Each structure stands twice: as structure tokens, then as C-alpha cells.
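Peer 1: Based on the hints, put chain H in the right spot on chain G.
In order, the protein sequence lines correspond to chains G and H. Each residue of the first sequence is one higher than the one before, starting from 72 at the first, in the working numbering. Each residue of the second sequence is one higher than the one before, starting from 95 at the first, in the working numbering.
What the hints contain is simulated information worked out from the structure, not anything from laboratory work. Owing to the predicted nature of the structure, the values given are computational and were not obtained by experimental measurement. Wrong hints could be hidden among the right ones.
Chain G is nowhere near these chain H residues, computed Cβ spacing over 12 Å in every case [as the list claims (entries may be wrong)]:
| no. | residue |
| --- | --- |
| 1 | G98 |
| 2 | R130 |
| 3 | F172 |
| 4 | R251 |
| 5 | P258 |
| 6 | P311 |
| 7 | L435 |
| 8 | H457 |
| 9 | V465 |
| 10 | R492 |
| 11 | R507 |
Covered stretches of chain G, as calculated for chain H (at least 3 residues, CB under 8 Å) [unchecked claim]:
| no. | region |
| --- | --- |
| 12 | 191 to 203 |
| 13 | 233 to 247 |
Glycine included, C-beta positions come from ideal geometry on N, C-alpha and C.
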Amino acid sequence: MLTVCHLYPDLLNLYGDRGNIIAFVRRCQWRGIPVEVREVGIGQPVDFGAVDFVFLGGGSDREQTLMAEDLARRKEELRAAIEGGLVVLAICGGYQLLGKYYRTLQGETIPGLGLLDFYTQAGEKRLIGDIAIEVELAGRTVRLAGFENHAGQTFLGDVRPFGRVLAGYGNNGRDGTEGARYKNVFCSYLHGPLLPKNAAFTDYLIACALARRGQESFLRPLDDTFEERACAVILRRLRVAR
Amino acid sequence: MRLGLCAAILAGKVAASLARVCGWRGSSLPGVVALRLCPGVLPKLVSQVRTGVIIVTGTNGKTTTSNMIARMLAAAGFRVINNREGANLITGVTAAFVRAASLSGRIACDYAVLEVDEASFPRVVPQTNPEVVVVTNFFRDQLDRYGELDTTISFIRRTLAERPHVSLVLNADDPLVTQLARCARDVIFYGVAPRSTVVPRGSTSREARFCPFCGHPLEYTHYHYSQLGAYQCTGCGFARPRPHVEAAATAVAGQVMRSRVRWEDKVISVVLPTQGVYNLYNALAAFTAGMVLGIDPATAAASLSSYTPATGRLEGFLYHGKPVYLNLVKNPAGFNESLNLVLAGRGSRDVFIAINDNDADGHDISWLWDVDFEVLAGVKDILSFVCSGKRGEEMAVRLKYAGVPLRKITAVRNLRAAIDRTLNGRGEAAYFLATYTALWPVEKLLRRRVSRTALQDPHSSRVSSTVDRR
Numbered sequence: 072m073l074t075v076c077h078l079y080p081d082l083l084n085l086y087g088d089r090g091n092i093i094a095f096v097r098r099c100q101w102r103g104i105p106v107e108v109r110e111v112g113i114g115q116p117v118d119f120g121a122v123d124f125v126f127l128g129g130g131s132d133r134e135q136t137l138m139a140e141d142l143a144r145r146k147e148e149l150r151a152a153i154e155g156g157l158v159v160l161a162i163c164g165g166y167q168l169l170g171k172y173y174r175t176l177q178g179e180t181i182p183g184l185g186l187l188d189f190y191t192q193a194g195e196k197r198l199i200g201d202i203a204i205e206v207e208l209a210g211r212t213v214r215l216a217g218f219e220n221h222a223g224q225t226f227l228g229d230v231r232p233f234g235r236v237l238a239g240y241g242n243n244g245r246d247g248t249e250g251a252r253y254k255n256v257f258c259s260y261l262h263g264p265l266l267p268k269n270a271a272f273t274d275y276l277i278a279c280a281l282a283r284r285g286q287e288s289f290l291r292p293l294d295d296t297f298e299e300r301a302c303a304v305i306l307r308r309l310r311v312a313r
Numbered sequence: 095m096r097l098g099l100c101a102a103i104l105a106g107k108v109a110a111s112l113a114r115v116c117g118w119r120g121s122s123l124p125g126v127v128a129l130r131l132c133p134g135v136l137p138k139l140v141s142q143v144r145t146g147v148i149i150v151t152g153t154n155g156k157t158t159t160s161n162m163i164a165r166m167l168a169a170a171g172f173r174v175i176n177n178r179e180g181a182n183l184i185t186g187v188t189a190a191f192v193r194a195a196s197l198s199g200r201i202a203c204d205y206a207v208l209e210v211d212e213a214s215f216p217r218v219v220p221q222t223n224p225e226v227v228v229v230t231n232f233f234r235d236q237l238d239r240y241g242e243l244d245t246t247i248s249f250i251r252r253t254l255a256e257r258p259h260v261s262l263v264l265n266a267d268d269p270l271v272t273q274l275a276r277c278a279r280d281v282i283f284y285g286v287a288p289r290s291t292v293v294p295r296g297s298t299s300r301e302a303r304f305c306p307f308c309g310h311p312l313e314y315t316h317y318h319y320s321q322l323g324a325y326q327c328t329g330c331g332f333a334r335p336r337p338h339v340e341a342a343a344t345a346v347a348g349q350v351m352r353s354r355v356r357w358e359d360k361v362i363s364v365v366l367p368t369q370g371v372y373n374l375y376n377a378l379a380a381f382t383a384g385m386v387l388g389i390d391p392a393t394a395a396a397s398l399s400s401y402t403p404a405t406g407r408l409e410g411f412l413y414h415g416k417p418v419y420l421n422l423v424k425n426p427a428g429f430n431e432s433l434n435l436v437l438a439g440r441g442s443r444d445v446f447i448a449i450n451d452n453d454a455d456g457h458d459i460s461w462l463w464d465v466d467f468e469v470l471a472g473v474k475d476i477l478s479f480v481c482s483g484k485r486g487e488e489m490a491v492r493l494k495y496a497g498v499p500l501r502k503i504t505a506v507r508n509l510r511a512a513i514d515r516t517l518n519g520r521g522e523a524a525y526f527l528a529t530y531t532a533l534w535p536v537e538k539l540l541r542r543r544v545s546r547t548a549l550q551d552p553h554s555s556r557v558s559s560t561v562d563r564r
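For reference, chain G alone in the conformation it holds in the complex (with noise of 0.2 Å):
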């Protein structure tokens, strides 16, 4: 059985953002693999240490500033949760979340759980467009495709990038990484949303969090035609299709 943690639903339902749940939860499902969602709200309990695979996505500012100040109050079981190996896919907005800190243009530091090593500028012009990156699955290079739209401008410190930009923006459109990766924990600024049309990926997730239970990690490969086919028209428009 893996449980599935649906970080503040109510707040952060930007740009599709339940399809990465909705995504991950097919898949195991197709093969068989027992799977619950458990949505949870502002001061509602959770125990980070019993669920497999957290979710946290990005919200209006408002809705973010309120997710933020809940989540603060369980950094350090978050924190102890990751480093036994939780698996966390935070995007856009709980990406950054996750940083030291973001300042605004104003000047304005808001500060971020410091989980991970970066921080974010805000930018004079949204980042928005089609994104493609290269990014390394258990030593399989793998395309991804997605869309991205942030005013922040992500800056890693002592963290790896989630990927390599082929086409896009990414982490500030300057440096060529997009997202972060620490052990188990994934961050991004694709949505679109990212897991559906880039299934290696979600199934990457679905192995971590069965490893991490010490179950039996191979998955029953499925049909994905339609997957890749979604994926190779944003990769094939952006000329980065292999």
C-alpha cells in the first residue's frame, strides 16, 4: 500500500496541478499496487514518516503566504522525513517554498523551510513558455516536456539540478539547470501538468517510494502511446525530439 500526501489541495490548485496526483495514482493502480490519497489542509495532521509520496504544488500569492506558514510548523519532520527518503515532487511555487528564501522585486525576503540549498529572485518578466529538459532516471537519460510560468528566478546553491535545459527557461534562464534534486525529493518548475505526459518519470516515483518501503521495485511496464506521444509534440515543436 503506498499513501499518497496531497499537500493543501484547497489552496494550491494552480495550472492542473491534481494531475500529477491523479497521474501517479493510475499508474499504480494499472499494476496492481494498493494506493490512497490523503488530502490535507491548513492545520490538519499528518505524519510525514508514514506516507510514500508528498505533493506540493504552487498557489496565487495570497493562498501560498497562508500554505507557508502551516508548513513551517512541520519543517523538522519534514526535514527528518526526507532524509530517510521520502519522496517529494514540489512545483513552481512549493518549489520554491523549499529554498532558503525568495525576495521580491521590492526588495521583500520572505523566507523559505531552507530544506534544500537555493533561493529565488523575483524577475522583471515572467518566465512562460513550452520547456523541455534532459534529466538522468537511474542512469537513463530521459526528455521531458512541460510548460512553465514563474516570475521567480531559482538560484541552486550546494543541491543538484533536477535536469539540464534543451529548450525553455528553467531555474532562471540563465544557467541552464532547471529544478532541484536532493535523495528523494524532486523540485520543478514544469507543470502542464509534468507526470501524465512524461509516465518514465512518474514511474520513477512510484520505484523510489516502493524502495523505500523495501518492496519489490520493478514495475510491469504499460502502454504508453498516448504519453509518448503527448510528450514528442512538445519536444518535436521545441526541435529537441531524439
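Peer 2: Positioned in the frame of chain G, the structure of chain H alone reads:
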């Protein structure tokens, strides 16, 4: 200066003929050309409107509501200018005036009824000086072009705050809309009475879970659809205002909706030749605007009862005796309502969905994941789903993850092939859903294949007849 205006109009009209020849309906090209030659063309033409300008904005229902108001005014004997094909940026609004102007730059009309894109609203309002502004609803739409919904609403709020003399017609059931009431002195609310919903259902894509003023959760005693319903804030006094115009006792008979509409101390029965609770809202908004403009209620109701939908607003056709429907989809709330129409149909059906991600559709299609396609998963009567358009493959993925059996889903890139596959499906009816830029190509291809006779619904009276507007 006068010469500049005339040249702009002439050039705009030439562009309009060109657009017509090329079959680009609803084109804003005449506006683009005229604005280029004479940047002040719009206020010059608008100032000649004899009685007043009415603007309709909001996420969904702009085209239908503004067309209903324009028809109502025409039925009352007024001459009306209206951007009826939905070109609703400043260029499209300008195009409507250029089309109506004489070559000497004269406009002879009583009213202009304009649907205006939410993001263009702050720019169009100062140039058109509206007397009445109707706001239909706010849903998430095309995020990459607008930024977030909050930003859009705050721009509209600021624009209205600078013009407190405007009469505001607001949807009382949408908390995101009613927050605008503090901007004007003269506010008229319309709404649907709680517990009189046509299609009761829950929805996952609710926008307003929190009070726009104090941030506390909103509590609902009733939902109509999405965030529309009877709400009150748990923190401050913000709540659904009592509507001046309210629909109650709504009943659906086949393709016709009947409702009792109350305003002041009067009640009138309104019959709508169309479906969907969202169309009830559109009609209420139009009726309310009509009352604000002093139109006779019986004239207003009669005009609504003979309303013909514009392109892709649930148009009906016949293909070898098979009913075929075409509907525009552009955001989660509207798409959910379209799915309700598909589900409400009788007999076996084939469904076509075309998703484009061009400028006018919005480049970001992740909103498809906020649509409740899960309601389609177990519906046996839906025989097939044909996905097309530039992002048809993504649509196929969405349906697959919604639980629709794989064997029912195909992704066909070529629109023509996809349309033929759907029309020739085994279903007794076919539903075509398309995003904005896919809509007209789909309609054009459909028209070549279907008969032009008005569609008779098997179990009741008329739907839209298919008038050729070219």
C-alpha cells in the same frame, strides 16, 4: 484629422472585405488596420452613439449575453452596434464600429453592446465610456496570457473604481464578481434562487474558497456550479447579496428551459430555447441589463425566447438524420458544463474534442486537468472519443487518466479525418467540442457535411437553426 479618420475607415472596410473573401469570420483585421492609420478612431466613432454603450465582461458567457442584449434592444426598436462574433479585444471592438461606420466616418446607432475581454477591459473602458457594465463570472482561463485570476480581477476593480457613475450589473451568485459592488453607486444583482438548480452537481474546480476581503473560508449553503451559489464568509459580513432579479422554479423540457424570473414585485415566465444552467445565467444577465435600460419586460422575455446561439455556442446540425452539436470549450467551468450537456443527451453518442494551444486559446493547456472528465469514465452510451487539434494527444492522455477505456479513445491529428471519423461513428448523435481557434475550422468542415435544415430535437421543440451568417 477628419481625413485620417476617413482613411482609417476605408482601409478597415477594405480589410473587412478581404477577411470575408478569405473566410475569416469574426476577424479583428479591420480594427487592426484602422487603429494603425488612426489611433484615435475608436473614441471618435463611439462618441456618435446616441444613447449609450453597454459592456459585457467576465470569463464565460460574454458572447451569448451581449448578443442577447443586442437582440433585445433591436426588438425594442433601437439601432445597435455589436461585436457579435466574439472578437473582443480592442481591435475587435474597433472592427465592429468600422464595419458600421459610413465612409465619411458617421455612425447612426442608438446603442453599442460590446463584449470585452477581461484583460482588455482596462484599455477599452476609457475609450468607450460605458453607461452599463455587466460582469458575468470569473473562472480560471488561459492563465499564461492573463497571469492569475486575482490580477485580472484587480485590474477590473481599479478600472471600475475610477468610474463610479457606471451602472453595474453583477452576478450575485459569484463571490468573485460581487466583490466589485463596492466600486459603484448603482449596482443591480441577478442570481438563481438556491435549490432551483437545473443540473445539481459538485465540481472540483472551484475558484473562490476564501473571502476576497478577509481571507476566511467561504461557507456555502448551495452550489449551482463551480463557485456559483449561496455563500457567506465565516469571518466578515461578506455574503451573497439578495438579487434584484432572480430566477426560480427552473425546469428543463427537452431542449427548452423555463424559468420564473422575479424582479421588484413582478414575476415573468421566461422560456429559453437552449440548455445548461450557464445559459440561464446569460439570459438573466441580459434580462437585468434590459431592465436597467428601461426595456419592456414582455419584449425582453420574447426576445430571449427566440435567441439563436452564435457560432459554437451549442449549435445544432443534422448529418444524415443524426443530430450533431457543436460547442466552444475554453476553461474548466465551461468544459464541465459542456460535459453535462453530453451526459444529458439520450441514446448512444460519439464525442469529438479538439484542443488547440494558439494565442487565442492560451498556450497553457494544463487547465484540462481541472475539468472533471472522470464523470465520463463509466458512461456506456458514449461509444468513442476522437481527440484532435494541436494538442489532441494530450487530450487523449487526459481521458485515459480519467478512466475512459483505452479502446474508446483515438487521437487523430488531422481535423478533417477526425471529424469524419466522429460523424461516421455508430452513435445516434455526435457532440463536437472545440477550443476557440479550432472552433471555426471545425464548423466550416461540419457545414460542408451537414444539412442546413433546422435541427428538430427528437423529444421536443427547436434548437438553434443554422443560419448562414456569411
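Peer 1: Each hint: holds or not?
Peer 2: How the hints compare with the structure:
1. A cut-off of 12 Å between C-beta atoms confirms that H:G98 is not in contact with chain G; the least separation is 35 Å.
2. Taking the minimum C-beta to C-beta distance to chain G, about 26 Å, the non-interface status of H:R130 holds against the 12 Å cut.
3. Here H:F172 stays apart from chain G, with its beta-carbon at least about 42 Å from theirs, past the 12 Å limit.
4. For H:R251, the condition that its CB be more than 12 Å from all CB atoms of chain G holds, with the nearest at approximately 15 Å.
5. The claim that H:P258 is not at the interface with chain G holds, since no C-beta of that chain comes within 12 Å of its own (minimum 26 Å).
6. Non-interface call for H:P311 relative to chain G: violated, since the shortest CB-CB distance, roughly 9 Å, does not exceed 12 Å.
7. With a minimum CB-CB distance of about 22 Å to chain G, H:L435 clears the 12 Å threshold, and the non-interface call stands.
8. Its beta-carbon lying about 7 Å from the closest one in chain G, H:H457 breaks the requirement of being farther than 12 Å from that chain.
9. Not every CB of chain G lies more than 12 Å from the CB of H:V465, the least distance being 9 Å, so the non-interface label is violated.
10. A cut-off of 12 Å between C-beta atoms contradicts the statement that H:R492 is not in contact with chain G; the least separation is 7 Å.
11. The claim that H:R507 is not at the interface with chain G is violated, since a C-beta of that chain comes within 12 Å of its own (minimum 9 Å).
12. Against chain H, the region 191 to 203 of chain G contributes 4 residues with a C-beta closer than 8 Å to a partner C-beta. That satisfies the three-residue criterion, and the hint holds.
13. Counting residues of the region 233 to 247 of chain G whose CB lies closer than 8 Å to any CB of chain H gives 0, which falls below the minimum of 3, so the coverage claim is violated.
Checked against the numbered hints listed earlier, the structure breaks hints 6, 8, 9, 10, 11, 13; every other hint is satisfied.
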